[in-house]
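Using the sequences provided together with the hints, build the complete structure.
There are 2 protein chains.
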Amino acid sequence: MERDQEINVLREQVRSVTADIIRDVQKRMELARQIGEIKSRKGIEVKDEKVEQEIRNMVLSVSSQAGMKPDFALRLLNILLEESESVQAESRQKPQRQTHLGIFMKAKQMEADGKEMIHLEVGEPDFPAPSAIATSLSESFKLKRYHYTETRGIPKLREAIAKRDSVTEDRIIVTPGGRFAVFSAIVSLLKPGNELVVIEPAWPAYKECADFVGARTRVVKASLEDNWVPDLKRLEELISPATQMIVLNYPNNPTGKILESKTIDKIISIAKDNHLYVLSDEVYADYAFEMRFQGLLEFGYDKTIMVSSFSKRYAMTGFRVGYGIAKPEIIKQMNKVQAVGITSVAEPIQYAALAAMDQGHGDNVKIMKERIDFVCSRLKDMALPFAKPDGALYVFPRIARHEDLELVDRLLEKGVALAPGSGFGDSYTNHVRISACQPVETLGKGLEKIASVIRERS
Amino acid sequence: MERDQEINVLREQVRSVTADIIRDVQKRMELARQIGEIKSRKGIEVKDEKVEQEIRNMVLSVSSQAGMKPDFALRLLNILLEESESVQAESRQKPQRQTHLGIFMKAKQMEADGKEMIHLEVGEPDFPAPSAIATSLSESFKLKRYHYTETRGIPKLREAIAKRDSVTEDRIIVTPGGRFAVFSAIVSLLKPGNELVVIEPAWPAYKECADFVGARTRVVKASLEDNWVPDLKRLEELISPATQMIVLNYPNNPTGKILESKTIDKIISIAKDNHLYVLSDEVYADYAFEMRFQGLLEFGYDKTIMVSSFSKRYAMTGFRVGYGIAKPEIIKQMNKVQAVGITSVAEPIQYAALAAMDQGHGDNVKIMKERIDFVCSRLKDMALPFAKPDGALYVFPRIARHEDLELVDRLLEKGVALAPGSGFGDSYTNHVRISACQPVETLGKGLEKIASVIRERS
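Heads up: the protein sequence lines correspond to chains L and F, in order. Sequential numbering of the first sequence, starting at 1151, is according to my numbering. Sequential numbering of the second sequence, starting at 1151, is according to my numbering.
Since the hints were derived computationally from the structure, they do not count as laboratory data. No experiment lies behind these values; they were computed from the predicted model shown. Any given hint could turn out to be false.
Same chains, same label: a pair holds when it works inside one copy or across any pair of copies.
[Said to hold, decoys possible] Think about it this way: if two alpha-carbon atoms lie no more than 16 Å apart in a straight line, the pair counts; the simulated EDC-like pairs of lysine to aspartate or glutamate are:
| hint | residue 1 | residue 2 |
| --- | --- | --- |
| 1 | K1219 | E1232 |
| 2 | K1306 | E1479 |
| 3 | K1189 | D1154 |
| 4 | K1341 | D1361 |
| 5 | K1200 | E1162 |
| 6 | K1197 | E1233 |
| 7 | K1292 | E1202 |
| 8 | K1197 | E1187 |
| 9 | K1341 | E1232 |
This is the structure in structure tokens:
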């Protein structure tokens, strides 16, 4: 009874402090609304990174004084910031954004409506997938290989990958596409309010995954002028106690850049100093034209997650199979997400991947290099500036004005689908990405139309 | 300049009120810790639904006075409650929990180590998948049907599903297993702090998906005594402004229960009154033995998400393909999650699903009914109480004591894998789930071992 009395007194205090919190939060929303009105009158952007950073630092300092866990404090703050933003943004229109995937869907729709289309927008090699897959698929059916498998993938496939990439099989998870490896790594290792550093131009998926989990994406912008080498000083400045991960993607989509080893060394040293994960998306690793690509695993940093895929290497995009490699503790986290979301990759698909590995990817890389060279030579003729790709499947030229969406729309009408630069970062509205996943003849036709539209607009 | 001044003054106030919030939240955590200590000394449970309900009502009244949206206030409160609970639970041991999937992995490992195992733990029909799939797979390879598809699935498959389920194809999304339809519905429609109502015993995935997105799961516990019919009064009591969704799963896993239409009517009317989504997991719809199963779509409630799968109907578990049906606005939300996580289901798998639909599922249902009848008759001999299943693939008998995990472990040693009742809800430690996905002969052997272990323990 005495104890109950004790609990009741404490509960009364809980109620009273809870009421204070609610009232203060509402006060905060009211202030946010007022600021929003002023911003709207003055035409100022809702989001202000600098102000956010200040308040984040302030919260970290107050919470540390009060003895609150910093990640919980930042999570709380994030919820407040989100609500403030949505209060401020209520009356505003969102900026138009279009990714290569959006254009792909649009182009597919136009094709369905009878229009002929040259697809230079998606990174989908047109090569045939390895022929051994045909046998594997029919064997899988005969042998009833269509049951639930271990969530991380069938042992045989994990062993083959382990051998190929010189790691132990407990470091591997087989995923439905490299995309799900990226997704499961980001959503399992980041919490709401955490931050992710991305080097732009970048595949939009990293930010999308961060948004999904309520984490914030901080951006280092690389530029053609710097030959797409990121400014590492800027990278260091961006890092805060909320930062959890740096994302690398080399050979890069969309620029084709491969960083030198000493640059990677520096990035790893920054990551080490700040205890950050490094997510290295290496789905284009095989497409390295001028030098051998040195994967992140070779650098031996233990908070690395390497993502790879069968999509580009073996032209198996539509089989949706990829994998992640990391230390077992990380794989365990990623595996939890996979168990909740999909149970496992389809068993026949896993055997198809195994068959592909046995057979190899033939001349795919050689052919891709010839195509990239062809695209580069035509872009030179058009006098569009670009950096010659070290690898991957794309060229990312600059166009005369900040009008990527207009150009892409005009070209869609002409029957050529291109990826707008802004899909890889807001500041690349004066770039487009040309994918070389078509035979030279088709590429030639597409580039001719691009040239004519650019002439017409200049 | 003047305006900037105005913004700066407001921002200063934002900072100050934010600091107040953080300090108050920490004060609240400190109080929770003290209450937790007293509870721990007295052996009182951490969670107290009545106290929670009181504080929820208080928050609603304070927020309404302050002009805050009630759903945001409750979201905030739920985040505070969660953190308090985790603070209070820190010093306590978590109850051991083991799901059917965990047992499956354990059994697989024991098999790999050379042990013979009868699998009565997973819901994986042993029937052969439709033979038309063999042709479809080899055709897909020949026709290079292995590219990115529309995220929602290939039009042909969506059209076939639309025809089957009498809906328009813009209401369909093809997913990697029914599981991903559940996942994408829950994570796209619920926010952190929202609530989900689940009727237990239940497939653990619903709660896992809610946990994943930071939503809370409220539970209505059905019991064998009530013939697994949920108490709808209790359901109504659980609903608060934070509630977003009710999950139904009939024919039920694990009990095999099918609710009467008038019960569904009442649940829908509760959902309507409270503007709730109803997620209806109908992956066992075809396995209805005594009556035609009336799917939720037939009830015409527009906030329904129906989930189905090829896994159980066509014995295609390892192909990982299922689908969701809902109004286009909801499908759009689910599609966003799918685009971020996986791009699309593998194209050859989608064609395999189409081939399966063309062929049909033959005698699967008839055979399953015979097996369920067999299991039931053997359980009667053992004098284990159960409700005869109306459908699905399982029987969920009660065992003499609350010792499901001990029984399951003992049976694993004997070479029989069973699903523990507690995997479907904490209070079902005196149940086990027997899956009838084996030929009668195998079932007989497994049940004999179960009988002998139960004798040995009584």
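Review point. Failing hints, ascending?
Key: Of the numbered hints, 2, 7 do not hold.
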